[in-house]
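Go by the hints and put chain B onto chain A.
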Amino acid sequence: MIEEDRAMVSVINLTKSFGTLVAVNDISFEVKPGEIFGILGPNGAGKTTTIKQILGLLEQEQGEIRVFGLDPSTDDVEIKRNIGYVSEDPLIYKSMTPRMLFNFIASIRGLDEIETTKKLQYYFESLEAVEYYDKLVATLSRGNKQKMQVIAALIHEPLLLIMDEPLTGLDAKSAKVVKEVLELHKERGGSVIFSTHILEVAEEMCDRIAIMDRGKIIAMGTIEELSKMANKVGADLEDIFLKLTNQDESVNHIVKNLRKMINGNKRS
Amino acid sequence: MLSNKELYRISKRVYREGILHGQLQSAGSDQARFLEKIDKDKMQRSPDIILKAMSALYIFGLVTIPIFALITIHSTLSSGIDSNWVAFVGSLSVSGFLVMQPAVLLIFSIMFSWGIMSGGPYKWIHTLPFGKKDIERIGFFTFLRSINIQLISMSLVLPAGIVVSIVLVLGSEISVLSLVLLIITSLLFSIINLVFSLSLLVIISRKMALIMGDQEINSRKTNIIRIVSMVLYMIVAMGVMYLIQIAIAKIPELYVLQSWSADTTNILNIILSIIPFPFAGGYLLTILAMDFSNVNRFLLGGSILGIILFIFLTYFVYGKALSTLRNITSTELKKYSKKKKEVFVKDITINTTGPTLAFLKRDFAIITREMSSIMILIMPFMIPLYMLFLPMDDQMTIGPAGLSIVMIIMLFYVSMVSVMLVVGLTNIESGGTTITASLPISVRDQVKAKAPHFVGTIPLALIVAILVRIGTPQFTTMISFALAFLPVIPIICLASLFFKAFLFGKMKHKIVLEEIKSEKKFVKNVLVIAFTFVLMGVFVFASAFGFLSLGIAEVVAAILLYIAYNIMFPKQ
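Those sequence lines, one after another, are chains A and B.
Those letters in the first sequence? Residues 1 to 268, by the numbering used here.
Those letters in the second sequence? Residues 1 to 572, by the numbering used here.
So here's chain A without its partners, still in its complex pose (with noise of 0.2 Å):
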């Protein structure tokens, strides 16, 4: 049975390796009920090695984690049954139609036909995707395919979204409309683990951020907090992310070079 008023995920000290590369390297962290916990990271973090040993989908190695209570190596049926995830790149079925896609996971989940079909018309009105319902996912925009993981991953209302990159190709109102649902879910004691790149969208909807970098979290806390370790009181998230990662001077001196060279080059 899910405890529903502990962490809903906790991990402790969790280290994963592929070979001789350590993922993951001894993190820990929790995420509460109705927490938006945002895991940034440079490509090769280990933000999804972590995020897929949260799911049960890879073993674990050391450490431990706990969703809703429960052991993900063990209990990854149960788990799942409350949690919904959006994975970076839309890998969902692209010769079946959404209608055929929406019936194999209810089918799956064992959702009430009536009460999904009425949350099914609610998502595809709010995201415009009525039109693409019987048409193939293949044929289907990059936005498109994203807002049908989106609504596979609300459907059967989990208590934990997942969401790694959820605002790839979605048009402005799309976006809109799944950070109102991700607020929405918070408001109603749900959490989500949110990874992504805009650090725009990670300062405006995450409660608390958790910075990897080489499989480990460098820093953690609210953006107040992070800005205070970064010694960047009152600077966006984007200066505050590359000086916690060591990332500003490089950058700074990437940009230099490019403005030299720019500058040498003049058009004839």
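Simulated from the structure, these hints should not be mistaken for lab results.
Please read all numbers here as calculations on a predicted model, not as lab measurements.
Do not take every clue at face value.
To be verified - The calculated lysine-lysine pairs, modelled on DSSO-like cross-linking and capped at a C-alpha distance of 27 Å, are:
#1 Lys520(B) - Lys52(A)
#2 Lys216(A) - Lys52(A)
#3 Lys135(A) - Lys32(A)
#4 Lys361(B) - Lys119(A)
#5 Lys207(B) - Lys135(A)
#6 Lys448(B) - Lys571(B)
#7 Lys361(B) - Lys135(A)
#8 Lys118(A) - Lys361(B)
#9 Lys52(A) - Lys521(B)
#10 Lys52(A) - Lys12(B)
#11 Lys228(A) - Lys243(A)
#12 Lys216(A) - Lys243(A)
#13 Lys228(A) - Lys216(A)
#14 Lys448(B) - Lys361(B)
#15 Lys133(B) - Lys12(B)
Frame of chain A, contents of chain B only:
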């Protein structure tokens, strides 16, 4: 303006791009996996070379039919057979070759030329500083590159065949004038036939490319095109050599098997000779090989008229092909003219089922739209083709021992196809990973959903294969043999699936994924194939003691499989 040499060199890039485009269009929704595959395997990047070589080989092989028909003409005439009938059979044989030539060209070249004809590979050329005329010439050179080997073989093969006929027999049988005319006609006709065939290829592949356009990538229509082209390719690949054998064996019989009166044959000959393609050429070459003295003047006139009509027809088709080639290099590509059917969403509703049925429905939706899965479904149905082409009347297979060999070969083919079916069905799990990763999936349900494919597809193909032989003396033996072995097929499929899962590992949301224990992948795959062969061998061995012992072996295997199923995929 760049030189032709430079443009020809540039066309290589466009050609390679076109090949990739064609491969992607053929792959359908399987494109991601296909790209992954060509990234690892460089051989996959030049599949055109094999097909080019095969088509050249087949074209050269087919020319044996007209050679054989022409060199036997004079021995037939001297045995007193009506010259009209000889002209009829000889022309049919030569015309058959003339039809097969473009057919082989189309079937072997279309898979890649539709990529070039889509216009897609020229898009980036437009971003470079090339003039419109240069781009048109690049388009022309790109097309030439796609059929260079076929072009050489098609233009040379008929004159070469005629020269061979002359050296073998005709040189001593007909006048010098006829010989010279025969060589010149074959050369000219070769060129006309070549232009005609290439023009057809341009027009048809352009049509295909428009239908296979990106927006239609997974529709039933594009999949039907993929399936038909694949099946035709397989039929031609398997059937051409058989056809050559049959033609060589039957042509002498046909020459002596006159079915109509001389007058009827004469009228039929004249009518057919006027038909521009393929008969006019077939008749003219046969007439020349027969020498003028043996031939009705009206027939000669009819075939010359037919050739003239064929030249006009070729000129017309060539004009169309040229404008198609110009169009594909244009920035304003003509779109597929047929109106797309509007999809009206009546209502957003869902229909739920149990998990096993949901998996079954999903598998069916994917398997009928993804090229690699379609191929795996088609493969079992190659057994009927094998049975169809099998010369059952000859000494090798007429006895019970020969029949047993045929059936055993078929059963081992079934084992191979079973492994392919398992691979295809488990590959489905590689798609849609976002969805499967987040769903509370029971792998046991997934395995259950595969069972109907194992029980249905290959056993059905096996029965169809036997039904092909209905009415033959071997039918009863074969059908009883096949029925006794029917339970073996799902056993082999399931055993192969379980063994694969055992070797490669299984994930919680997928049956088998070759990334869990991906080391020694080749060895493991060989082991899976070897395992199914050994298993089939056990059943074949058991059947040697009678159907009862085969039945016992089947029951024992089924029980063992059920135990393995419960251990590997326990109830949750």
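Practice problem: Check each numbered hint against the structure and report the violated ones by number, ascending. | Solution: 3, 10
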